[in-house]
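There are 2 protein chains.
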Amino acid sequence: QGDVRAGAQKAASCMACHGAEGKSAVPLYPNLAGQHAPYLLHSLQAYKKGERSGGQAEVMKAFVAGLSDQDMDDLAAYYASLQP
Amino acid sequence: QGDVRAGAQKAASCMACHGAEGKSAVPLYPNLAGQHAPYLLHSLQAYKKGERSGGQAEVMKAFVAGLSDQDMDDLAAYYASLQP
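If you're matching them up, the sequences are chains G and U in order.
Its first residue numbered 1, the first sequence is counted upward by one per residue in my numbering.
Its first residue numbered 1, the second sequence is counted upward by one per residue in my numbering.
If we strip away everything but chain G, and leave its shape as in the complex, we get:
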């Protein structure tokens, strides 16, 4: 189960592209605020497993390489908790 507070602390690296509140300033990067946690977790796992390519997939793959399952759960819980 993801922990929102822990996720907030782990989200520092995400903010450059996805915004301080999960709303990205660059429209080619997705907003994350209020997205379903299970989908966010699925996406992080997909990048980690190499199931996505093109676009910023290599960037995402590099970021998620260092994340544990718990880290990904926490990040998903955090972004799902934010107001869209």
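Derived by calculation from the structure, the hints in this document are not laboratory data.
These figures come from a predicted structure and were not determined experimentally.
One should not assume that every hint holds.
Given that identical chains are not distinguished, each listed pair holds provided it fits within a single copy or across any two copies.
[As the list claims (entries may be wrong)] Cross-link-like lysine to aspartate or glutamate pairs, in silico, EDC-like; alpha carbons within 20 Å at most: (1) K61 x E51; (2) K10 x E51; (3) K48 x E58; (4) K61 x D3; (5) K23 x E51; (6) K48 x E21; (7) K48 x D69; (8) K61 x D71; (9) K23 x D69.
Using the hints provided, position chain U relative to the given structure of chain G.
What follows is chain U alone, placed relative to chain G:
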């Protein structure tokens, strides 16, 4: 440039999974309402190009196979226009 009204008419097939208003009832499927149009378009193109696998990627690939570039632009504009 995407046309919101045309997108609304083309979105019938999307609703079963992504909800009538772009908010999915199944949390493993992403909400689309209010997402950035360029990211939505990127995602549709990624499915079409086979850049995503796992999860529901095969389902999405089948859906987008019949979509033109204009169709994808319209769908992206429509979902971006909805209240998140």
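Please name the hints from earlier in the document that this structure breaks, with their numbers sorted from lowest to highest.
Violated hints (numbers, rising): 2, 4, 5, 6 and 9; every other hint is consistent with the structure.
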